[in-house]
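Undergrad: Let the sequences and hints guide you as you build the complete structure.
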Amino acid sequence: MLVGCLIFLGLLPLGLKGLKFGMDFSGGSLIYLQLEKPVDENTMDTMVSILQARLNGFGLKDISVRPVGDQYIMVSVSGVSNTSLEAIEDVLQKQGKFEAIIDGKIALTGEDILRVKTDPQSGYGWLPGTGQWNVPFDISGDGAARFAEVAAGKCKKVEGEIKCDKIYMFIDRPENAAVIIPGGLYEKEKYMYMVPGNPRSEFVDIEDIRKNSNVTIIVADDLNESVISMLKDVNVSTVIIPENSTYNITALNESGFSVKVVGKTSDYWLWDAVGLKSILNLTPGVTSGEPVTSAVIQGHSATREEANTEMTKMVVILRSGKLPVKLDIATTMHVSPKLGKQFLSYAGWIGIVAWIMVGLVVYVRYKHPKLSLMIMANNLSEVIIILGIASLISWEIDMAALAGLVAAVGTGVDHMIVISDEIVSGEREKEVSLVGRIKKAFKIIFAAAATTTAAMLPLITLGFGIMKGFAITTLIGLGVGVLVVRPAFARIIEEIL
Amino acid sequence: MEIVFILDYVKILSCGDYMIYSNSYYKYYIIIPITLAIISILALPYLPKAVDITGGTSISAVVPVSVNVDDKQIISALSDLNLRDLSVSVAENPLSNQKMYLVEFAPIKKEDNATSVNVEIKRRLAGLLGISESDINVQEIGPTIGKMFWESGLRALVFAFLFMGAVVFLTFRELAPSTYVISAAILDVLYALLGMVIFRIPLSLATLAAMLMLIGYSVDTDILLTNKVIKRKEGDVDSRIASAMKTGLTMTGTTLTALIVMTLAAWMLHTQTLVWIGATLTFGLVGDLISTWLMNAVILKWWVTRKS
Numbered sequence: 001m002l003v004g005c006l007i008f009l010g011l012l013p014l015g016l017k018g019l020k021f022g023m024d025f026s027g028g029s030l031i032y033l034q035l036e037k038p039v040d041e042n043t044m045d046t047m048v049s050i051l052q053a054r055l056n057g058f059g060l061k062d063i064s065v066r067p068v069g070d071q072y073i074m075v076s077v078s079g080v081s082n083t084s085l086e087a088i089e090d091v092l093q094k095q096g097k098f099e100a101i102i103d104g105k106i107a108l109t110g111e112d113i114l115r116v117k118t119d120p121q122s123g124y125g126w127l128p129g130t131g132q133w134n135v136p137f138d139i140s141g142d143g144a145a146r147f148a149e150v151a152a153g154k155c156k157k158v159e160g161e162i163k164c165d166k167i168y169m170f171i172d173r174p175e176n177a178a179v180i181i182p183g184g185l186y187e188k189e190k191y192m193y194m195v196p197g198n199p200r201s202e203f204v205d206i207e208d209i210r211k212n213s214n215v216t217i218i219v220a221d222d223l224n225e226s227v228i229s230m231l232k233d234v235n236v237s238t239v240i241i242p243e244n245s246t247y248n249i250t251a252l253n254e255s256g257f258s259v260k261v262v263g264k265t266s267d268y269w270l271w272d273a274v275g276l277k278s279i280l281n282l283t284p285g286v287t288s289g290e291p292v293t294s295a296v297i298q299g300h301s302a303t304r305e306e307a308n309t310e311m312t313k314m315v316v317i318l319r320s321g322k323l324p325v326k327l328d329i330a331t332t333m334h335v336s337p338k339l340g341k342q343f344l345s346y347a348g349w350i351g352i353v354a355w356i357m358v359g360l361v362v363y364v365r366y367k368h369p370k371l372s373l374m375i376m377a378n379n380l381s382e383v384i385i386i387l388g389i390a391s392l393i394s395w396e397i398d399m400a401a402l403a404g405l406v407a408a409v410g411t412g413v414d415h416m417i418v419i420s421d422e423i424v425s426g427e428r429e430k431e432v433s434l435v436g437r438i439k440k441a442f443k444i445i446f447a448a449a450a451t452t453t454a455a456m457l458p459l460i461t462l463g464f465g466i467m468k469g470f471a472i473t474t475l476i477g478l479g480v481g482v483l484v485v486r487p488a489f490a491r492i493i494e495e496i497l
Numbered sequence: 001m002e003i004v005f006i007l008d009y010v011k012i013l014s015c016g017d018y019m020i021y022s023n024s025y026y027k028y029y030i031i032i033p034i035t036l037a038i039i040s041i042l043a044l045p046y047l048p049k050a051v052d053i054t055g056g057t058s059i060s061a062v063v064p065v066s067v068n069v070d071d072k073q074i075i076s077a078l079s080d081l082n083l084r085d086l087s088v089s090v091a092e093n094p095l096s097n098q099k100m101y102l103v104e105f106a107p108i109k110k111e112d113n114a115t116s117v118n119v120e121i122k123r124r125l126a127g128l129l130g131i132s133e134s135d136i137n138v139q140e141i142g143p144t145i146g147k148m149f150w151e152s153g154l155r156a157l158v159f160a161f162l163f164m165g166a167v168v169f170l171t172f173r174e175l176a177p178s179t180y181v182i183s184a185a186i187l188d189v190l191y192a193l194l195g196m197v198i199f200r201i202p203l204s205l206a207t208l209a210a211m212l213m214l215i216g217y218s219v220d221t222d223i224l225l226t227n228k229v230i231k232r233k234e235g236d237v238d239s240r241i242a243s244a245m246k247t248g249l250t251m252t253g254t255t256l257t258a259l260i261v262m263t264l265a266a267w268m269l270h271t272q273t274l275v276w277i278g279a280t281l282t283f284g285l286v287g288d289l290i291s292t293w294l295m296n297a298v299i300l301k302w303w304v305t306r307k308s
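In order, the protein sequence lines correspond to chains V and R.
Each residue of the first sequence is one higher than the last, beginning at 1 in the numbering used here.
Each residue of the second sequence is one higher than the last, beginning at 1 in the numbering used here.
Honestly, the hints are just simulated from the structure, not real lab data.
Bear in mind the structure is a predicted one, so any value in this text is a computation, not a measurement.
Take the hints with a grain of salt, since some may be wrong.
[What the hints assert, rightly or not] Coverage of chain V stretches by chain R, computed from C-beta distances (three or more under 8 Å per stretch; other residues unrestricted): (1) 355-369; (2) 405-418; (3) 448-454.
Every residue gets a Cβ at the ideal spot worked out from N, C-alpha and C, and that includes glycine.
TA: So this is what it looks like as structure tokens:
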């Protein structure tokens with residue numbers, strides 16, 4: 001009964017959610033980056049956020065960036081994405097270019113930022129009372145002088161109220177480029193919140209963004225002669241267009257433009273297209289014309305979580321020019337989706353053959369068709385429950401997980417043979433009760449499972465990649481087997497033998 | 001002596017008689033696993049290693065069997081790229097009407113810009129074989145990451161074995177079982193490696209997974225044997241070992257049959273990785289028969305007899 005319920009519970013997520021297949025089967029690309037030296041958790045988090053931001057900044061979507069141990073970072077793209085491995089490598093190898101622009105003039109660049117201070121002693125953090133958060137950072141002498149000059153007089157008193165200009169922060173702002181935006185999208189992004197998603201923040205419009213990014217913006221639904229000649233007039237080399245647009249890319253290429261297709265990764269596509277990351281208001285303190293070498297970015301957030309998200313974003317933006325640690329590409333891998341799928345279906349068929357073989361061998365050994373079928377049914381229910389759990393916790397099924405699954409099911413067969421033998425031989429000797437015999441069998445099973453579990457634990461903590469995945473799936477499988485499926489098997493076998 | 005051993009096995013297989021430890025020479029069974037272990041260790045330097053362990057690049061493509069390009073054409077098409085240790089293999093799969101090209105070479109030097117070299121190879125291969133570039137699998141492993149996989153893997157394995165020994169000790173409160181459970185797991189891995197050397201199966205992440213799978217199977221038979229001999233009271237030691245052996249051989253036999261069929265099926269379907277995993281496990285499980293029943297059972301009987 002219980003197992004019936006669990007099989008149903010296992011099938012439910014499988015049916016509703018399906019399984020998430022790893023790169024081995026769904027295809028895709030994977031890059032291992034090696035850091036110059038092992039780093040602590042904080043530095044690793046910063047590295048991961050910066051890389052993620054840079055990849056998104058280049059309009060590359062569906063990319064996962066994950067730390068592996070203390071010296072490696074794994075960047076992976078699923079098979080369905082058409083982002084090429086080469087494009088990602090390209091971005092990772094280049095330095096991120098940070099620029100802060102006021103009134104169309106560059107006020108600060110990545111090189112000017114000496115240090116972003118993330119310790120509370122220097123003022124970094126959120127003040128619960130006022131809801132204000134601070135991200136302090138140091139600016140070089142040159143940077144401070146340029147900032148002072150550009151920002152001078154940007155706060156004015158208008159009708160008794162102080163009005164300040166805004167500062168636009170970019171990562172990898174495109175140069176010599178034009179953005180073509182379809183009419184529908186233009187209508188949606190004509191006016192944008194200065195803080196995306198916050199309806200209380202001020203509006204900025206497309207003209208503000210055009211002026212500060214120095215990127216030509218053309219609204220057009222199709223690329224007719226006049227648009228092409230307009231592009232030629234403004235003398236740009238790169239044309240940026242949205243993903244899934246109907247624009248004729250070949251026509252652009254033929255006219256000598258290189259085309260960059262950008263997907264929407266933040267609230268506004270236009271921000272992604274020009275690399276705009278954040279807009280802040282200047283404060284009167286920094287517009288006096290006097291150079292300041294230590295500045296603070298301030299904001300307001302209602303909760304600590306919101307503040308942390310915002311502050312991390314600022315740190316990542318300010319640091320994007322310089323990664324805390326140098327990195328190298330250690331490994332790259334590309335699996336074609338077609339081959340991965342083929343491999344999975346073969347593995348499935350081979351699994352079914354092996355499953356039937358187990359049933360046959362058990363039948364030859366015990367000459368008991370019901371027992372044989374029971375063992376097969378048990379195996380199947382075990383697989384369904386394990387896959388159900390995998391689906392529930394969104395565990396990725398890759399080579400390692402598959403191996404773990406097979407290992408768990410294999411030891412499952414071992415255990416069922418122990419139970420069967422104990423019952424059959426006990427019957428012959430007529431010594432112990434059925435319950436006693438099953439108890440004896442379970443002593444062996446629990447001891448064996450405990451030993452295997454002990455072997456898997458170090459593999460989870462010390463190993464990584466294939467070892468870790470294998471060990472985790474094996475443990476889930478062992479748990480399901482020993483705690484649920486095997487006791488159920490013992491009950492059933494009491495009935496049929 | 002060997003003939004006597006063989007006769008014992010014939011006895012097991014033909015008559016279902018598992019009383020092979022009641023003779024006077026049972027201790028000498030242990031010669032077989034130890035000799036095999038020594039041979040395995042001596043053979044280790046000859047173990048082939050795959051690109052994911054040594055570092056380097058492996059590029060594979062599956063095309064219809066009708067594509068008529070041989071390995072020499074590919075080698076000459078790539079000759080100007082100065083690839084070190086370039087090897088090209090072609091394998092046909094009559095079942096699916098496809099064939100697979102595998103191009104492997106040593107790590108590209110930093111100054112040569114690996115990315116652009118790979119892109120170039122992909123383009124040439126796609127052109128030569130008439131397929132799209134996205135259908136080509138590329139795997140490039142730096143030499144350092146291979147080394148790191150290896151080091152952290154070995155460290156994890158050492159701890160896995162130690163933990164295993166500790167749990168066995170806690171279960172049976174005796175030192176002997178812990179020792180031989182660990183030894184048997186190590187021997188099983190060694191035997192699997194010997195099989196890989198003989199059949200030229202390279203050490204790779206996939207075969208590494210196979211060796212991890214061995215741990216569980218190895219533990220099952222060992223615990224079964226130890227439990228039946230130490231914890232049970234019925235019959236004498238020989239008959240308890242015999243009873244454990246009957247169950248143990250059924251367990252390993254079932255798994256082995258399934259594995260051999262799986263390996264053959266994978267071989268026919270040309271799924272190289274699965275062939276490698278299946279074959280490695282098969283060697284390891286055959287090895288487990290040797291280490292469990294010719295070593296562990298012998299140690300256990302000797303130890304129980306001496307104690308009483």
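Undergrad: All hints are to be evaluated individually against the structure, with a verdict given for each.
TA: Status of each hint after checking the structure:
A count of 7 residues in the segment 355-369 of chain V with a Cβ less than 8 Å from any Cβ of chain R is obtained; the coverage claim is therefore met, three being the minimum. Interface restraint, the segment 405-418 of chain V with chain R: holds (10 residues with C-beta to C-beta distance below 8 Å; minimum three). A count of 6 residues in the segment 448-454 of chain V with a Cβ less than 8 Å from any Cβ of chain R is obtained; the coverage claim is therefore met, three being the minimum.
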